Structures are given as structure tokens and as C-alpha cells.
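Participant: The residues making up each chain are set out below.
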Amino acid sequence: MLKVENIESGYGSMQVLWQPSLEVKKGSITSLLGPNGVGKSTLLRTILGSVEPWHGRITYEGRDITPLPTHKKVDLGITLVPEGKHLFVEMTVHENLIMGAYRKEAFQHMHDSLKLVYALFPVLKERDKQKAGSLSGGEQQMLTIARALMTKPKLIMLDEPSQVLAPKLVGEVFETIERLKAEIGLTILLVEQNAEASLKAADYVYIMHEGRIKAEGGAEEIAASRDMREAYLGI
Amino acid sequence: MILEQLIGNLIQGLVLGAIYGMATMGLSLIFGVLRVVNVGHGAFIMVGAFIAWWLFSALGVIPILAIPVALVIGLALGFIFYYSVLRRLIKAPELASLLATFSIGVLLEETAKLIFGSEFRGYNWAVGKITLPMTVLPMTKLYACLGSVLIAVLLYIWFNKTRAGTAMRSVVEDSEGAKVCGVNVEGVYAMSFALGIGLTVVSGVLLTMFIPVGINPYMGGPYTLKAFVIAVLGGLASPYGAFFGGLVFGLIENGSYTLFAFLPGVEPFALTRFFSCMMLLVILLIRPTGLLRAK
Numbered sequence: 001m002l003k004v005e006n007i008e009s010g011y012g013s014m015q016v017l018w019q020p021s022l023e024v025k026k027g028s029i030t031s032l033l034g035p036n037g038v039g040k041s042t043l044l045r046t047i048l049g050s051v052e053p054w055h056g057r058i059t060y061e062g063r064d065i066t067p068l069p070t071h072k073k074v075d076l077g078i079t080l081v082p083e084g085k086h087l088f089v090e091m092t093v094h095e096n097l098i099m100g101a102y103r104k105e106a107f108q109h110m111h112d113s114l115k116l117v118y119a120l121f122p123v124l125k126e127r128d129k130q131k132a133g134s135l136s137g138g139e140q141q142m143l144t145i146a147r148a149l150m151t152k153p154k155l156i157m158l159d160e161p162s163q164v165l166a167p168k169l170v171g172e173v174f175e176t177i178e179r180l181k182a183e184i185g186l187t188i189l190l191v192e193q194n195a196e197a198s199l200k201a202a203d204y205v206y207i208m209h210e211g212r213i214k215a216e217g218g219a220e221e222i223a224a225s226r227d228m229r230e231a232y233l234g235i
Numbered sequence: 001m002i003l004e005q006l007i008g009n010l011i012q013g014l015v016l017g018a019i020y021g022m023a024t025m026g027l028s029l030i031f032g033v034l035r036v037v038n039v040g041h042g043a044f045i046m047v048g049a050f051i052a053w054w055l056f057s058a059l060g061v062i063p064i065l066a067i068p069v070a071l072v073i074g075l076a077l078g079f080i081f082y083y084s085v086l087r088r089l090i091k092a093p094e095l096a097s098l099l100a101t102f103s104i105g106v107l108l109e110e111t112a113k114l115i116f117g118s119e120f121r122g123y124n125w126a127v128g129k130i131t132l133p134m135t136v137l138p139m140t141k142l143y144a145c146l147g148s149v150l151i152a153v154l155l156y157i158w159f160n161k162t163r164a165g166t167a168m169r170s171v172v173e174d175s176e177g178a179k180v181c182g183v184n185v186e187g188v189y190a191m192s193f194a195l196g197i198g199l200t201v202v203s204g205v206l207l208t209m210f211i212p213v214g215i216n217p218y219m220g221g222p223y224t225l226k227a228f229v230i231a232v233l234g235g236l237a238s239p240y241g242a243f244f245g246g247l248v249f250g251l252i253e254n255g256s257y258t259l260f261a262f263l264p265g266v267e268p269f270a271l272t273r274f275f276s277c278m279m280l281l282v283i284l285l286i287r288p289t290g291l292l293r294a295k
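Chains as they are written, first to last, in my numbering: chain A, 1 to 235; chain B, 1 to 295.
Don't take every hint at face value.
Not close to chain A: a few residues of chain B, all C-beta gaps over 10 angstroms, as computed [unchecked claim]:
#, residue
1, L6
2, V72
3, I115
4, R121
5, R169
6, I211
7, G255
8, Y257
9, T258
10, A270
Covered by chain B, according to a simulated footprint, are these stretches of chain A (three or more residues, beta-carbon under 8 angstroms) [what the hints assert, rightly or not]:
#, region
11, 67-74
12, 86-94
13, 97-104
Note that these hints are calculated values from the structure, not bench results. The structure displayed is predicted, hence computed values, not measured ones. Cβ coordinates follow ideal geometry from the N, Cα and C atoms, glycine included.
Working from the sequences, and respecting the hints, build out all of it.
Facilitator: Structure (C-alpha cells):
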């Protein structure tokens, strides 16, 4: 569904990505693992276009989307749950969700999408008139995922969704991610530092190090490989 | 006697304050969305003032009808300056956009001087007046005040009820979040800058309806200063805060003018300007996020 080939990008004159390539199969959870600061977030942001690619090719459903601006990619059904949430904290929960349905096609399905996210996250329905900033950390993370679902995505990229959450909530977030795949049939590209939980949820895994892909394989295969776990994942 | 004069002036101050508020909304909108401080703000007010003066004295068009003309010219100037200059500077260090907007201001002033010369202009649109208990209010001032309030209300509706307005609000709050929702952030930048400039040029027309004299290429400077004080009063990034800041500023300016006039040996007009600078300093010292902001 998504294919990234030899991407280079970075910020200013600092190169972060050194030609990583990866592929995300339709209906799968693909996980991108690796320690902090190796370019995982940059890779997601480059795929979505908020960081400009300097070199390489991004193909989505057989179409070259490398030069497209972010909003055009959202139109095509790609979205990102960004690290640090980036909610509209002064708007209500409901307004945040409506913002997710900003693009024309998403707007036409807004009613159904709302039903879907309220069914997935009943707590958001209870708090729909509250300001997003007044929610707890876990609820904010749910809202960020819900807002992304409102864009009617086919491919959803999640950047550190379990970061700074209490252990109990981490389990809930991963449960949600697996439900997105199983119940809605979404394709998921997941960036995480929580390697153990990611390996359990993922179908296929890439390990990134210093802006490059160092290893890849089926989730079970990577989990079973002692070398891999010791060298890159520290578990 | 003093009290009567004070109340009379405060009424005038409230009317002028509404116009001040409207004249600051563009500055706040641009800062809120693009995080660019438009140092050339006053020059755009000057453009509006010249549009009102020229249409009235050359073509006999009444200032109310100059408002839509000013809006169109302001939007066009906004788009032109955004795409030719500011687009490149949004991610640059702040000094770059400060210098750029300052230069745009100088460019507008000198262009106006080239076309109209540097003498002071004025016009006289006499449509009667209403007599209030403490003061007399020309109808033109009342129209300008009502126009300002109406524009502020329309802007509020635009922000809260339209798709484009909501997109602007989302960019003000979190441009990264807006991007992942599919908002064309670059487009919102262009539109916000154009709208901010459009509002500012319109406010130039409204200001001449209150003060129909002193129209000159260099008239903008004091308005830039006042707009900064008002914007800081209102919390800098909020157009509505700016509007209420304008009301407060109009009251303080006219109130202090009346009181200063009773001090012997003092030129009250110069002192009000000193007073507004002091206000800016004091507010920045005690409440740098603005007096009207909750946090």
C-alpha cells in the first residue's frame, strides 16, 4: 500500500534520514522500532509531507506521491497521529473531531465517522462539550487518534502513541490499535519506543538506527532473535 | 464642569475606541496566525485614509461606500505582499519579518508621497449630528463606530461558523495539528495575511470618518504605536481581545486627555502619547500575556 524508497530528508542543513526504505502492506500493522532520535518521527513526517523529502520516492496505492503537499496526502487517505498530540486545546472535544473531518470527502462522511469514534471511545462522547485541554493525558491520546480517524484514513501512522502514559493506559492504546486493524480494516504504520508491546501487536517490523533501516522481518522472527533484541531494542 | 467634560470625552473615547479596536484586529490576526509582527501596520491605515479621501474629493463617493473598495484593495495588497515577501520569511528568524514589514511600510509611505505629495489632506462629509447630554456626536463618527462593531461581529461569525474561519483558528492553536487534519496551512497563511491587511486598510477609512483631517503619507506612525499598545492590552494573538483592548484604550486616551488639559503648562495631546507608551511598558512588565487574557 505504501512504499518508501531511499528517502533523504532533514531540517535545515542537518540530514536526518539516510535512505531508509520500507513497505507497508495493506491491512497490516507495520512497526518501526529504534531508540530515540534515530529519525523515526522524521520519516513519518516526511511521508506525510510536513518535512520535505530531498531525495527518494514515496508511492501510495501505486501512485508516486513524493511531491504532494500534506493536505493532498490527507485527501488520499493518509494521516498521522503526531507525537505530542497537537490537539486544539482551546476547542471542545467535538470541535476537535469536526476539524478532523475538514477535508471535503471526510466532511461528507462526518456523521458516520462521529458514530464510529464515539463507539470506539465512549468517554469522548461523555466529554464532547469539554475543552480538549481539560482532558486527562490518556483521554487526550484517544482524542488524537479519534481526530485522525475523522479524516477517513486508509493508512494511519502513529508516532509514539503510548508515550508518557501510565502503564495501564499503554495497554489500552495498543488494544485500540489492534481494533483499528481488525474492526475497521485500517493499515497502520506504528512508531514506538515500547518495543515489547509493539512486537506483540505488529505483523512486520523495521528497526531503524541513525537514519537507516538496520533490520527487518516478521514480528515473531524479530522477537525470537536474541541478537536483534540485544543490539537494537534493549529488551 | 470637569465631570461633564470628562463624561463627554469618555463617550467620544468609546466611539473612537471601537474604531481603534477594529484598526488593531488585523494586526492581531496576522500575529496570531503567522507569528509575524506587522511593523508597517500604520502605513496600511494610511492607504485606507487616502482611499476614503480620494474617492470623496475626486469622485464624490461617500466614505461608507469606500469601505468595500478599501477591503478589495487591502486584500489584494495582502496577497501580493504575502506571496512576494512574507511567504519566504515565516520560518526565518523574527528580525527578517520585522525588517520586511518595516520596509513595506516605508515603500507604501513613499509611494503615497510620490502620488499625492506630503501636504495634509482632509474632507468634509457633513451628514448632521446628534446631541447627547454631555457631548455632540457627528453622524459620521457614529457610522464609523457602528461599522467597526458590525465588522467585528462579522469577523466573529466568520471565525466560528465558516470552514475557512475554523481552519484559521486551528492554525492559530496548533499548525502541526491543523496539517494532519488536512488543512492547507500555507493557504491559511496567505488568506490570514490578506484578511489582516484588508481589515487594516478598511480601518483607515473608518478612522477618517472619525477624524477627517490630517491625512498624509506619514500619518501611520502614531497608529502603529497605538495598535501595539491595544494589541498587548488584548493579548496580542486574539482579534477579539484586540477589539476590547481598543475600547479600553479609547476610554483611557480620551479620559487622560481631559484630565491632562487641566494641568497648567502641559500640552495634553503630547502627554497622552507619552501615557500610551508608559501603558505599553507597564503592561509588558506586569502582564506580558495581555490584560484581557485569562491566562
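Participant: Confirm or reject each hint.
Facilitator: To see whether the hints hold, each was checked on the structure:
In this structure B/L6 is separated from chain A by more than 10 angstroms, as the shortest Cβ-Cβ distance comes to about 38 angstroms. With a closest Cβ-Cβ approach of about 27 angstroms to chain A, B/V72 is found to remain outside the 10 angstroms limit, as its non-interface label requires. Residue placement check: B/I115 keeps its beta carbon more than 10 angstroms from all beta carbons of chain A (closest about 39 angstroms). The Cβ of B/R121 sits about 44 angstroms from the closest Cβ of chain A, beyond the 10 angstroms cut-off, so the non-interface label holds.
Annotated as non-interface, B/R169 brings its C-beta within 10 angstroms of a C-beta of chain A; the closest such distance is 7 angstroms. For B/I211, the condition that its CB be more than 10 angstroms from all CB atoms of chain A holds, with the nearest at approximately 36 angstroms. Separation of B/G255 from chain A is adequate, the least Cβ-Cβ distance of about 33 angstroms exceeding the 10 angstroms criterion. With a closest Cβ-Cβ approach of about 37 angstroms to chain A, B/Y257 is found to remain outside the 10 angstroms limit, as its non-interface label requires.
Interface exclusion of B/T258 from chain A stands, the closest Cβ pair being 39 angstroms apart, more than 10 angstroms. With a minimum CB-CB distance of about 41 angstroms to chain A, B/A270 clears the 10 angstroms threshold, and the non-interface call stands. Taking a C-beta to C-beta cut-off of 8 angstroms, the region 67-74 of chain A contributes 4 residues in contact with chain B, enough for the three needed, and the coverage statement holds. Coverage of the region 86-94 of chain A by chain B holds. Counting CB-CB distances below 8 angstroms, 6 residues qualify, and the rule asks for three or more.
For the region 97-104 of chain A, the proposed coverage by chain B is satisfied: 5 residues have a C-beta within less than 8 angstroms of a C-beta in that chain, meeting the threshold of three.
Of the hints listed earlier, the one the structure fails to meet is number 5.
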